[in-house]
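Protein chains in written order, with the numbering used here: chain X, 226 to 307; chain E, 517 to 729; chain R, 19 to 751.
Heads up, some of the hints might be wrong.
To be verified - Coverage of chain X stretches by chain E, computed from C-beta distances (three or more under 8 Å per stretch; other residues unrestricted):
| hint | region |
| --- | --- |
| 1 | 231 to 241 |
| 2 | 251 to 258 |
What the hints assert, rightly or not - Listed next, with one range per pair, are the computed distances between beta-carbon atoms:
| hint | chain 1 | residue 1 | chain 2 | residue 2 | range |
| --- | --- | --- | --- | --- | --- |
| 3 | E | 581 | R | 647 | 48 to 58 Å |
| 4 | R | 357 | E | 570 | 22 to 32 Å |
| 5 | X | 254 | R | 357 | 51 to 61 Å |
As the list claims (entries may be wrong) - Only part of the chain R face toward chain E is listed, based on derived beta-carbon distances under 10 Å:
| hint | residue |
| --- | --- |
| 6 | 192 |
| 7 | 389 |
| 8 | 473 |
| 9 | 703 |
Derived by calculation from the structure, the hints in this document are not laboratory data. All of these numbers come straight from a predicted model, not from anything done at the bench. The C-beta atom is built at its ideal place from N, Cα and C for all residues, glycine as well.
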Amino acid sequence: MKFTAEVRVHYRPGTLDPQGQAVLRAIHSMGLPAVEDVRVGKSIRLTVEAADAEAARALITRLARDLLANPVLEDYGVEVHA
Amino acid sequence: MSRTAVVIFPGSNCDQDALWALGPDATPVWHQEEHLPADTAAVILPGGFAYGDYLRAGALARFSPIMADVRRAADAGMPVLGICNGFQVLCEAGMLPGALARNADIAFHCQTVSVEVTDADTAWTAGLRRGERLRLPIAHGEGRYWAPDLAGVRVAFRYAGENPNGSLESIAGVSNRAGNVVGLMPHPERAASEILGGTDGLRIRGAARAALR
Amino acid sequence: MTGRRGAVRAATPVGVADNPAPWDAVGLTRQEYRSIAAALGRAPSPLELGMLGAMWSEHCSYKSSRVHLRRLPTEGDAVLVGPGENAGVLALPGGWAVAIRVESHNHPSAVEPFQGAATGVGGILRDIFATGARPCAVLDGLCFAPPDEGRARHLLRGVVEGIAHYGNSIGVPTVGGATAFLPGYRDNPLVNVMAAGWLRADAILHGRASGPGNPVLLIGNRTGRDGIHGASLLASRSFAEDPAGLRPAVQVGDPFVGKLLLESCLELAASGLLLGCNDLGAAGLTSAASEAAGRGGMGIELDLDAVPRREEGMNPYEVMLSESQERMLLVVEAADEAKAIAVCERWGCDVARVGRVTADGRIRVRDHGELVADMPVALLTSAAPRYRRPARRPLVPARSSPGEDLPAVGDWLARLLAAPNICSRRWVYRQYDHQVQTATAVLPGQGDAAVLWRKGTEFGVALALDGSGRLTRLDPYGGAALAVCEAARNVACAGGRPLGLTNCLNWGSPEDPATMGTFVAAIDGMARAARALGIPVTGGNVSFYNETSGRPVDPTPMVGVAGLVADIGLRRGSGFPATGLAVAMLGPAAGRLDGSEYQALRWGAASGAPQRPDFALERGLLRVLAEADLRSAHDCAEGGLLVCLAECVLAGTAGAAVRLPKPRGRLDELLFGEAPGRVVVSTDNYPALAALCREAGVPCRKLGVTTDGRDLVAEGLGTWPLRDERGLEPWLG
Numbered sequence: 226m227k228f229t230a231e232v233r234v235h236y237r238p239g240t241l242d243p244q245g246q247a248v249l250r251a252i253h254s255m256g257l258p259a260v261e262d263v264r265v266g267k268s269i270r271l272t273v274e275a276a277d278a279e280a281a282r283a284l285i286t287r288l289a290r291d292l293l294a295n296p297v298l299e300d301y302g303v304e305v306h307a
Numbered sequence: 517m518s519r520t521a522v523v524i525f526p527g528s529n530c531d532q533d534a535l536w537a538l539g540p541d542a543t544p545v546w547h548q549e550e551h552l553p554a555d556t557a558a559v560i561l562p563g564g565f566a567y568g569d570y571l572r573a574g575a576l577a578r579f580s581p582i583m584a585d586v587r588r589a590a591d592a593g594m595p596v597l598g599i600c601n602g603f604q605v606l607c608e609a610g611m612l613p614g615a616l617a618r619n620a621d622i623a624f625h626c627q628t629v630s631v632e633v634t635d636a637d638t639a640w641t642a643g644l645r646r647g648e649r650l651r652l653p654i655a656h657g658e659g660r661y662w663a664p665d666l667a668g669v670r671v672a673f674r675y676a677g678e679n680p681n682g683s684l685e686s687i688a689g690v691s692n693r694a695g696n697v698v699g700l701m702p703h704p705e706r707a708a709s710e711i712l713g714g715t716d717g718l719r720i721r722g723a724a725r726a727a728l729r
Numbered sequence: 019m020t021g022r023r024g025a026v027r028a029a030t031p032v033g034v035a036d037n038p039a040p041w042d043a044v045g046l047t048r049q050e051y052r053s054i055a056a057a058l059g060r061a062p063s064p065l066e067l068g069m070l071g072a073m074w075s076e077h078c079s080y081k082s083s084r085v086h087l088r089r090l091p092t093e094g095d096a097v098l099v100g101p102g103e104n105a106g107v108l109a110l111p112g113g114w115a116v117a118i119r120v121e122s123h124n125h126p127s128a129v130e131p132f133q134g135a136a137t138g139v140g141g142i143l144r145d146i147f148a149t150g151a152r153p154c155a156v157l158d159g160l161c162f163a164p165p166d167e168g169r170a171r172h173l174l175r176g177v178v179e180g181i182a183h184y185g186n187s188i189g190v191p192t193v194g195g196a197t198a199f200l201p202g203y204r205d206n207p208l209v210n211v212m213a214a215g216w217l218r219a220d221a222i223l224h225g226r227a228s229g230p231g232n233p234v235l236l237i238g239n240r241t242g243r244d245g246i247h248g249a250s251l252l253a254s255r256s257f258a259e260d261p262a263g264l265r266p267a268v269q270v271g272d273p274f275v276g277k278l279l280l281e282s283c284l285e286l287a288a289s290g291l292l293l294g295c296n297d298l299g300a301a302g303l304t305s306a307a308s309e310a311a312g313r314g315g316m317g318i319e320l321d322l323d324a325v326p327r328r329e330e331g332m333n334p335y336e337v338m339l340s341e342s343q344e345r346m347l348l349v350v351e352a353a354d355e356a357k358a359i360a361v362c363e364r365w366g367c368d369v370a371r372v373g374r375v376t377a378d379g380r381i382r383v384r385d386h387g388e389l390v391a392d393m394p395v396a397l398l399t400s401a402a403p404r405y406r407r408p409a410r411r412p413l414v415p416a417r418s419s420p421g422e423d424l425p426a427v428g429d430w431l432a433r434l435l436a437a438p439n440i441c442s443r444r445w446v447y448r449q450y451d452h453q454v455q456t457a458t459a460v461l462p463g464q465g466d467a468a469v470l471w472r473k474g475t476e477f478g479v480a481l482a483l484d485g486s487g488r489l490t491r492l493d494p495y496g497g498a499a500l501a502v503c504e505a506a507r508n509v510a511c512a513g514g515r516p517l518g519l520t521n522c523l524n525w526g527s528p529e530d531p532a533t534m535g536t537f538v539a540a541i542d543g544m545a546r547a548a549r550a551l552g553i554p555v556t557g558g559n560v561s562f563y564n565e566t567s568g569r570p571v572d573p574t575p576m577v578g579v580a581g582l583v584a585d586i587g588l589r590r591g592s593g594f595p596a597t598g599l600a601v602a603m604l605g606p607a608a609g610r611l612d613g614s615e616y617q618a619l620r621w622g623a624a625s626g627a628p629q630r631p632d633f634a635l636e637r638g639l640l641r642v643l644a645e646a647d648l649r650s651a652h653d654c655a656e657g658g659l660l661v662c663l664a665e666c667v668l669a670g671t672a673g674a675a676v677r678l679p680k681p682r683g684r685l686d687e688l689l690f691g692e693a694p695g696r697v698v699v700s701t702d703n704y705p706a707l708a709a710l711c712r713e714a715g716v717p718c719r720k721l722g723v724t725t726d727g728r729d730l731v732a733e734g735l736g737t738w739p740l741r742d743e744r745g746l747e748p749w750l751g
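Chain X on its own, in the form it takes in the complex (with noise of 0.2 Å):
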């Protein structure tokens, strides 16, 4: 089966986040205080053959933790469709 999944990589909470924090500047510059925090991240599509969904959920964790995302610098968040 195909499934298609999406890995979101941000730096972890507590590490500063330099785009983030200069977005956030310029939100403010715009006028709205309402906005009280921005991280900038990175989303990244694959498409992957797998027998079931927890397969394929199994093989980006580890393509995530080994390879998508540094873990001493980056959380990460996995989502995989059909």
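Start from chain X and add chains E and R according to the hints.
Chains E and R alone, transformed into the frame defined by chain X:
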């Protein structure tokens, strides 16, 4: 004769500079080689944008075939130096603690900075004195050193004065526990001639030579 | 390559087939269409028309400028390759040579500053390594509206980041250039990128196809649907109000693949495997193939099925006109094909044989075996139209009547030093890796020109890129002449002897007689100056249609000069390097207010008649700067004499105590007036300098000495402590 191997990844761009600064006892090694040359006595991972620095700086280069042998050599105690992108590769490969994040002000910085030697007992700083300062160029966009915990991290170099990238505790370079693997963001090979503005970088080469003897 | 011979297939799905005015869609005129049909003896197929539309575009054919460019001098002792090739090549000592070229990327940068500028760097670097040269330096000529405007800031940030992104990653140092801010660039910023490269004089590659039957290889990125007609429609027409509508025509640069391509081509060249090498830039495969065939007097056959694609379902029109970046066309000997492919593959570069060289001077394109284009190569290249467009010559400008003189210096020195056109460019160049390749011997901010050391030898090359839209708007002839003189003077200040120049001419629509008139006058000025100084033109670029809704940019000639620094040990910075040196001024003491930065700042706009260069004086200055024993030299340009002295202190390690000549007329004219041919130097042998200047016919005056500390003391005028440079940051919000 023993030689220093300079690994060339696709996208490395300071490999020729390192070879030039090291002189005739250095040799290039293409990343697809499985083995370092038999007479290799030290390894340098040079600066640049290996694999375009896509995904994260240094993230893809650690999968190059040569890296398995570099890791074996390092485990056996061989001196390994990562300069700039090479430092990023060593962190990504887990051969050095911590990680290098986007500079605090987002911008790429190319300038000459003062760097203080904070550990004179590593393989690459053994000929230097603790506390002495070197003038070295930096050129990076992702050089902000970060580690969840500095306990057990051997800090080899710190920025003296301005911290150009927001590094944790002004860290400019670290080593592994054993002290044979060192990574630093500044470029010693760019301070190897008076014509180019200084020769402080040669003192790191000199230190490595002294350590190799 | 097999395929049905015969008539060209008529239907190519591009939506022009049933159009009553098919020329419109490809940017041609009815007359141009008629001459095409006459030459072919039939109506062109839609694909053929698309190819001709691109090749006959202003951007590719220089149809409005070519008759004028002929007036530029192109011969010189050092010229190994002149105009018409991928880049000019100049001879250096020891069998070395340097390739130079400058090109505009104005239109793409206006639409998408980051990628527009990045692909501009990629394109000019490919032009350089297509000659077999290893790129060693990038310089940028950037012009924006004043940075207190939001859009100008956005463009400036994006362009600088784009240049940094590409140059830093591919590993070519960005070492200098010019950044100007004027209201005349509000709608159309200028992004001119110059590059230089080292090569051996006996190993110059040409963008030529040779040897009928030889394979034609396409290497680098795969071909996608990006930038179809980018050059012919985006860069050969004026903008309407909304440039964002043109965004699909902008490409994305990939410096990583650019680096693999560079290394592949240079290894192939060094192994003697290349017969010819051509960049796929504007008009993509169409232009690379037809130019290679045209220069070699050959024909070429292309099989589109062999072109590696990034997207499915691309039609021949899209494949032939795609401007996907990081691609090169190579011609190799049939016997070397496998070796050449192996080199590309080792570097991880995609490579495909897409055609072969033929002897009959025709370009033939096949798709699924069918002939979809079949034309004489010359129809695409040398037969492109040339126009002598109506030109209304500009009047010789009249002097302005200035307002009140300054009673004292007041805060004007500080204001000028902080002005966007004068303040430090550190914010810009710090984002560029200017030291990679370990050869930059005079860094940005240190001198009037960058100096690159040819490692392993005693010599280096000085590079400068200069041009003033403000002065050229007021006086097109004088402004263009001055651009040549200033770039040459800057190279000489850094210790170089000018060898040759490359230029990028940024103008509005050539169809407007007033704009064309200023262009013609500027070519005259540039030709006159280049002849007078003995500096040949090795090529360049014309960028027309820099206008929006009938508002053209300030006409801007950017001139890049390369010079030989015969002894790298004698390179010079602009700052005072030590205390106790004599400070001297070469050239006339007073400048003019007309066209000066001070005039613009104080009275809101530059006006009147700027001082034109005096060629005898400029020649004399070049001689003095070449022969004198000087410790520093700094061109006295924007801001005038007092600003120049302050910059010498700021860039160096010493202060200065000077006594300026008594003003004969106005005080502000002496302090802040501008004129070409003025240089502030420091020396430890003033008598020898004075004697040399007498011999060379250059006015020379001792102003004072360099001192401890960082103060500029001008007797009777004031004392200014100069600790910190003012930068662009305050203007960037």
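A quick look at each hint next to the structure:
Evaluation of the coverage hint for the region 231 to 241 of chain X: fulfilled, as 3 residues show C-beta separations to chain E shorter than 8 Å, against a requirement of three. With 0 residues having a beta carbon nearer than 8 Å to a beta carbon of chain E, the region 251 to 258 of chain X misses the requirement of three or more and the stated coverage is violated. Distance hint check for residue 581 of chain E and residue 647 of chain R: the Cβ-Cβ separation is about 56 Å, which falls inside the suggested range of 48 to 58 Å. Between residue 357 of chain R and residue 570 of chain E the beta carbons are some 30 Å apart, a value that agrees with the proposed interval 22 to 32 Å.
At about 58 Å, the beta-carbon gap between residue 254 of chain X and residue 357 of chain R stays in the expected band of 51 to 61 Å. Proximity of residue 192 of chain R to chain E holds as hinted, the smallest CB-CB distance being about 9 Å (cut-off 10 Å). The interface hint given for residue 389 of chain R is broken, as the beta carbon of that residue sits about 39 Å from the closest beta carbon of chain E, more than 10 Å. For residue 473 of chain R, the interface hint holds, since its Cβ comes within 10 Å of a Cβ in chain E; the closest pair sits about 7 Å apart.
Contact between residue 703 of chain R and chain E, as hinted, is not supported at the beta carbon level, the nearest pair being about 23 Å apart and thus beyond 10 Å.
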